[in-house]
Amino acid sequence: MKQAVRLVNGLLGSLVVLIFTILVVCVVWQVFSRYVLGTPSTTTDEIARFLFMWIAFTGAAYTLGQKRHLAIDVISLWMGGRSLRNIRVLVLVIIGAFVSVVMLYGGWQLMAETLKTGQMTPALRIPMGYVYGAIPFSGLTMLFYCVVLIIELLDPNTPFEDEIVDTSTPMSPSSSSPAGQHK
Amino acid sequence: ASAVTLKLNHNNPKDHQLHKSMEFMAERVKELTNGDVKIRVYANAQLGTQRESLELVQNGTLAMAKSNASELEAFEESYSAMNLPYIFVSEDHYYNVLSGEIGDDILMASKDKGFIGLTYYVEGARSFYANKEIHTPADLKGMKIRVQPSESAIRMVELLGGNPTPISWGELYSALKQGVVDGAENNPSALTSARHGEVSKFYSNDGHTMIPSVVVMSTKVWDSLDENQQKALKQAAKDSMLFHREAWNEQTRKDIEQAKKELDVKFIEVEKGPFIEAVMPMHEEASKKSARIADLVERIKAAAK
Amino acid sequence: MEWQATITLFSIFIVLMALSVPISFAIGIATVFTFMVINMSFDQSIFIVAQQMASGLDSFTLLAIPFFILAGNIMNRGGIAMRLIEFAKILGGRLPGSLAHCNVLANMMFGAISGSAVASAAAVGGVMAPIQKKEGYDPAFSAAVNIASCPTGLLIPPSTTFIVYSLITNGTSIAALFVAGYVPGILMGLGLMTVAGVIAKKRGYPLAPKPSWNEVMQKSCDAVLPLGLIFIIMGGIIGGIFTATEASAVAVVYTLFLALVWYREITIRDLPKIILESAVTTSIVLLMIGCSIAMSKAMAFSDIPFTISDALLSLSENPLVILLAINLALLVIGTFMDMTPALLIFTPIFLPVVQDLGMDPVHFGVMMTFNLCIGICTPPVGSALFVGCSVGKVAISKVLKPLLPFYAVLVVLLLAVTYIPQLSLFLPSFFLGYGG
Ligand code: NA
Ligand code: NA
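Going down the list, the sequences are from chains A, B and C. If you use the numbering used here, the first sequence corresponds to residues 650 to 832, in order. If you use the numbering used here, the second sequence corresponds to residues 4 to 308, in order. If you use the numbering used here, the third sequence corresponds to residues 1075 to 1510, in order.
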């Protein structure tokens, strides 16, 4: 299982870095083509928007695997040990239910229906369904992480490290903290 | 069927004429059905953007939405026929096509795609505006013209010699002001309602496209109404179409007056011939895409005679 | 029906949060149930939530968020933050409580460039806290200064908060919001410096030794290139070279140039890690934005905004009173809710009300941001508070008392920003002709 997790982490991580890099290039090219070349690109706007949606969803899946989504962890002030471990499992089950029902199933419906009715993106004329594909894809990988994390928690041989939800402690002063999101 | 309240979403503010016309339709259908069918109009895209609300309409989650022919192209190709530049030769031709058989045909074309159109609201003709006089396509050469990100808008500006530049509506005012783009295209109300007249002093009345707003309704919800309710709704929609036309044209006169007087915008009457000639290839390109579009293009042109 | 939906929405949300379900998922789940309460089928409810999560992110302007976060991370790792702090020490050096002023100024400069309150609290506080301790400053006081001043960068442009605000208000001009943030942001910094100065003087904190002329010159020169980013960004926007969104990508390129080529403090090999770290931070916000947009749709579908605004308007007809009520409501919301979800959820509720009163959306955006800036410094939920305490190595309970005078000055300034529109609107109308 450890290997599978490492593989998925690696693939998602590389995908995210790749998309992010293309995104920067894309928007810089947009400025360059308009201001320097004088012939504005008509497609970078749409490409950037759609890559952005993909980055948000693949990134969110990767982040779940790193247990970095922001939660307000007041419960660990009230309980610990076994009951806290049970709550952690419950939380993962709740997340798992949401990602499988809304993101995987609902997102799949959305993608399938959009493909079926043939909606096209305005500038590139590619099926809008491909863009929405990011949701079920992300849902599936999130479900994978939920299962893995639940198995880890339920395994009596692994020590209970309470780090499912990171409250707002920054990793280190030099890295941007998990709470560094709202700026 | 029993009494219903239908939700209708659109993206204009409450003081916009389109909102008032939809409220008129709501009032009318309430009268016709003695309160059996009510429409609640949600302004400012409260329930979603045009694209999102169309997807919700297709799915039956939302009863009604207002969109426009340009956006609807992505969902139903028939609308692309009326988005072609210079397909309409006059305001009368335009209105007659929309209110007649061809217009109805297009409204019903998407029935198996989850939605039907109920009515059109005219929004006048769109023209170029900039800080420079545009009299001929040659004047557009090398100018960065903001377009909506649609294939046909991009193609049109290209054929006219300009550089099409997609910029989001929210950034357009400052993009015009700061010179990120050299010009844009819209109907005259953009000069006053979006204050573009403050930053663009020449409006060249080339009237390249006439793109109507369309009120669409979910097929699922439509089918759930009984025959009398459907008839009343259709009637209310038609009535509001005429109401809107008169109010809109009156509003446009006022907008132009205001733009001239308060914002000092100069309106330029242009010789349309060279513009028409330049974009003619688009008519053939569109007809080549499908027999359906070819047929519509032909019928619309025939109706001009 | 509205009340049923309201109760469903908030009670499920609060229960899930109490269980420590991550905020994004708590919002998403509460939203699904709210749709079901207003008679949507199960399939329709999950369809609309999935659609809104994705579609809510379909906006070119939102691209600025990952870019500014990336630029901020590059600055942190590439030695740019350090140079700004050194420069701030020169600026604040001769005032009573010089290190406190240095902290505020560094937060203003770093936040101005990175647009992130928490990144700047972590970067600046991390460097300043040990120095202040050595000079005999009370660590709780130092942490309080750092916490209260880190949000200045959310008002001083560029600011991703304004970008989110523009998105939910259907395109309020970002350029106008950016320019509008300067005066309130700088006022916030100066107000905090005044309070810090008075306290430091009373406690007799030492003045920094007078730096030599050489030192002044050298540290100022070092700061020229990092500060140049502000001029590139604002100059580029005002000069029509790029839009406010595109400026964020330009910021990435410029910081990369400084860090990779000019200072050579990082190499190409460090980049994937920095990018991935930025993507994680980004996607935490973006998932939250997607889910919050779905939630705001659930509220719109169930007419919750109408209900709340009717209640507000029935309170009084006096605009001054309504604005005061909105500010109080937002201060309460800010205590337990983070800035982004609060902005996403409550802007659609309050904006129509204040627009009916004739308030400009740019002015309201500045007011709301200023208000929620206070919220991120308050318990129980405040990201600036958490990060500030953690880098300052002080317990949250210790820092609250020293924070009180700073809260007070922030509230006074909030009222000024609320009731004096010119503080926000003069610059945009002067530079951009905004508002005519
Ligand atoms: Na900033
Ligand atoms: Na708080």
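Please note that a few of the clues may not be correct.
[Unchecked claim] Label-pair restraints from in silico Cβ distances:
hint: 1; chain 1: B; residue 1: Glu-30; chain 2: C; residue 2: Ser-1388; range: 50 to 58 Å
hint: 2; chain 1: C; residue 1: Phe-1500; chain 2: B; residue 2: Glu-26; range: 51 to 59 Å
hint: 3; chain 1: C; residue 1: Ile-1260; chain 2: B; residue 2: Glu-136; range: 38 to 46 Å
hint: 4; chain 1: A; residue 1: Gly-767; chain 2: C; residue 2: Asp-1384; range: 49 to 57 Å
hint: 5; chain 1: C; residue 1: Arg-1343; chain 2: A; residue 2: Thr-807; range: 47 to 55 Å
[Claimed, not checked] Under 7 Å between C-beta atoms, here's a sample of chain B residues computed to sit facing chain C:
hint: 6; residue: Ser-5
hint: 7; residue: Ala-6
hint: 8; residue: Val-7
hint: 9; residue: Thr-8
hint: 10; residue: Gln-53
hint: 11; residue: Asn-62
hint: 12; residue: Asn-71
hint: 13; residue: Gly-173
hint: 14; residue: Gln-181
If you are wondering where the hints come from, they were derived from the structure by calculation, not from laboratory data. In this text, a Cβ means the ideal position worked out from N, Cα and C, and glycines have one as well.
Tested hints:
1. Range check, B/Glu-30 to C/Ser-1388: about 26 Å between beta-carbon atoms, so the 50 to 58 Å window is missed.
2. Checked against the hint of 51 to 59 Å, the pair C/Phe-1500 and B/Glu-26 fails, with Cβ atoms roughly 37 Å apart.
3. Between C/Ile-1260 and B/Glu-136 the beta carbons are some 42 Å apart, a value that agrees with the proposed interval 38 to 46 Å.
4. Checked against the given bound of 49 to 57 Å, the beta carbons of A/Gly-767 and C/Asp-1384, roughly 42 Å apart, lie outside it.
5. Distance hint check for C/Arg-1343 and A/Thr-807: the Cβ-Cβ separation is about 33 Å, which falls outside the suggested range of 47 to 55 Å.
6. Because the smallest distance between the Cβ of B/Ser-5 and any Cβ of chain C comes to about 14 Å, over 7 Å, the interface hint for this residue is violated.
7. Because the closest C-beta pair between B/Ala-6 and chain C is about 14 Å apart, greater than 7 Å, the hint is violated.
8. Interface restraint check for B/Val-7: the shortest CB-CB distance to chain C comes to about 12 Å, outside 7 Å, so the restraint is violated.
9. Restraint check, B/Thr-8 versus chain C: the minimum CB separation of about 11 Å is more than 7 Å; hint violated.
10. Residue-level restraint check for B/Gln-53 is violated (minimum Cβ-Cβ distance to chain C is 11 Å; threshold 7 Å).
11. Against a cut-off of 7 Å between C-beta atoms, the interface hint on B/Asn-62 holds, since the closest Cβ of chain C lies about 6 Å away.
12. Taken as an interface hint, B/Asn-71 does not check out: its beta carbon lies about 16 Å from the nearest beta carbon of chain C, beyond 7 Å.
13. Contact between B/Gly-173 and chain C, as hinted, is supported at the beta carbon level, the nearest pair being about 2 Å apart and thus within 7 Å.
14. Interface restraint check: B/Gln-181 against chain C, minimum CB-CB distance 3 Å, threshold 7 Å, status holds.
The structure fails hints 1, 2, 4, 5, 6, 7, 8, 9, 10 and 12 (numbered hints given earlier, in ascending order).
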